[in-house]
Amino acid sequence: QKEVEQDPGPLSVPEGAIVSLNCTYSNSAFQYFMWYRQYSRKGPELLMYTYSSGNKEDGRFTAQVDKSSKYISLFIRDSQPSDSATYLCADNTDKLIFGTGTRLQVFP
Amino acid sequence: NAGVMQNPRHLVRRRGQEARLRCSPVKGHSHVYWYRQLPEEGLKFMVYLQKENIIDESGMPKERFSAEFPKEGPSILRIQQVVRGDSAAYFCASSRMVPGQGSYNEQFFGPGTRLTVL
Numbered sequence: 007q008k009e010v011e012q013d014p015g016p017l018s019v020p021e022g023a024i025v026s027l028n029c030t031y032s033n034s035a036f037q038y039f040m041w042y043r044q045y046s047r048k049g050p051e052l053l054m055y056t057y058s059s060g061n062k063e064d065g066r067f068t069a070q071v072d073k074s075s076k077y078i079s080l081f082i083r084d085s086q087p088s089d090s091a092t093y094l095c096a097d098n099t100d101k102l103i104f105g106t107g108t109r110l111q112v113f114p
Numbered sequence: 035n036a037g038v039m040q041n042p043r044h045l046v047r048r049r050g051q052e053a054r055l056r057c058s059p060v061k062g063h064s065h066v067y068w069y070r071q072l073p074e075e076g077l078k079f080m081v082y083l084q085k086e087n088i089i090d091e092s093g094m095p096k097e098r099f100s101a102e103f104p105k106e107g108p109s110i111l112r113i114q115q116v117v118r119g120d121s122a123a124y125f126c127a128s129s130r131m132v133p134g135q136g137s138y139n140e141q142f143f144g145p146g147t148r149l150t151v152l
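Protein sequences, first through last, are from chains A and B.
Just so you know, the first sequence maps onto residues 7 to 114 in the working numbering.
Just so you know, the second sequence maps onto residues 35 to 152 in the working numbering.
Misleading hints may appear alongside valid ones.
[Claimed, not checked] No farther apart than 27 Å at their CA atoms in a straight line, the calculated lysine-lysine pairs in the DSS-like style are these:
1) B:K96 with A:K101
2) A:K8 with A:K73
3) A:K8 with B:K96
4) A:K48 with A:K8
5) A:K62 with A:K76
6) A:K62 with A:K8
7) A:K101 with B:K61
8) B:K78 with A:K73
9) B:K78 with B:K96
10) B:K78 with A:K101
11) B:K78 with A:K8
12) A:K48 with B:K85
13) A:K76 with B:K78
14) A:K76 with A:K101
15) B:K85 with B:K105
16) A:K48 with B:K78
17) A:K101 with B:K85
18) B:K105 with A:K101
Simulated from the structure, these hints should not be mistaken for lab results.
Please construct the entire structure, taking both the sequences and the accompanying hints into account.
As structure tokens, then:
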């Protein structure tokens, strides 16, 4: 079993839709979760990070952690074509452990 | 304010040749990490280095791969006698702080080097 699991997609949505991206993790010791965005042929860039259970909001993005079910989510409101990218969840408790990434396509 | 620099951006090698990938961290960062991304797979940790020291190489293949971060100059990831399975994107990241230790620590990624082995 992979330590961080993520549906690879692709996920295709129309502009303006609410997008839900999800990850599960297996190690109860994990506690620092991060979402990276990676455009094609580019390096990942940090989008958001969370520590505790609950929600964290930043503009159109909301990160959610449910430690009881080991579930991490990223919500994107009012999605834009410029959001089209691969989204990687990761744990950073010890070293960065990434999920495989979900490819998102937002079409106009 | 330059970010992480990696070169070359693209590297083509024939089987059996050596590949050298370079990484210059963000100015002021003394921690460097190397990751490999195979097609349709996520980023996999390879090695964590500080200046002149390898701290964690638990993700490095046991043979043919080596990494260094000298006192002066960039970090180098070296792959000897490359095989087709080494074809991947190799990313370098750097950070200011020590990773883990129960604290959030952002790693800044470079644009990657895409290695193709013919």
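These are the hints, each one checked on the structure:
1. Only pairs whose Cα atoms come within 27 Å are accepted, and K96 of chain B paired with K101 of chain A is accepted, the gap being roughly 19 Å.
2. For the suggested pair K8 of chain A and K73 of chain A, the alpha carbons sit about 17 Å apart, so the restraint of at most 27 Å is met.
3. Proximity of K8 of chain A to K96 of chain B is assessed by CA-CA distance (about 21 Å); at most 27 Å being required, the pair is judged to hold.
4. For the given pair, K48 of chain A sits about 25 Å from K8 of chain A by alpha-carbon distance, which is consistent with the 27 Å threshold.
5. For the hint pairing K62 of chain A with K76 of chain A, the CA-to-CA distance comes to about 16 Å; that is within 27 Å, so the pair holds.
6. Simply put, K62 of chain A and K8 of chain A have alpha-carbon atoms about 26 Å apart, close enough for the 27 Å limit, and the pair holds.
7. About 21 Å separates the Cα atoms of K101 of chain A and K61 of chain B, which keeps this hinted pair within 27 Å; it holds.
8. A C-alpha spacing of about 23 Å is found between K78 of chain B and K73 of chain A, which places the hinted pair at or below 27 Å, so the restraint holds.
9. With a CA separation close to 15 Å, the supplied pair K78 of chain B and K96 of chain B stays within the 27 Å bound.
10. Under the criterion of a C-alpha separation no larger than 27 Å, the hint pairing K78 of chain B with K101 of chain A is consistent with the structure, at around 11 Å.
11. For the given pair, K78 of chain B sits about 12 Å from K8 of chain A by alpha-carbon distance, which is consistent with the 27 Å threshold.
12. Restraint check for K48 of chain A and K85 of chain B: satisfied, since their Cα atoms lie roughly 26 Å apart, inside the 27 Å limit.
13. For the hint pairing K76 of chain A with K78 of chain B, the CA-to-CA distance comes to about 21 Å; that is within 27 Å, so the pair holds.
14. A threshold of 27 Å between alpha carbons decides the hint, and for K76 of chain A with K101 of chain A the separation of about 18 Å falls inside it, so the pair holds.
15. In summary, the hint linking K85 of chain B to K105 of chain B is supported, as the alpha carbons are separated by about 6 Å, within the 27 Å threshold.
16. Between K48 of chain A and K78 of chain B the alpha-carbon distance is near 16 Å, which keeps this suggested pair within the 27 Å criterion.
17. Distance check on the hinted pair: K101 of chain A and K85 of chain B sit about 18 Å apart at the alpha-carbon level, within 27 Å; holds.
18. Simply put, K105 of chain B and K101 of chain A have alpha-carbon atoms about 23 Å apart, close enough for the 27 Å limit, and the pair holds.
Hint compliance for this structure: no hint is broken.
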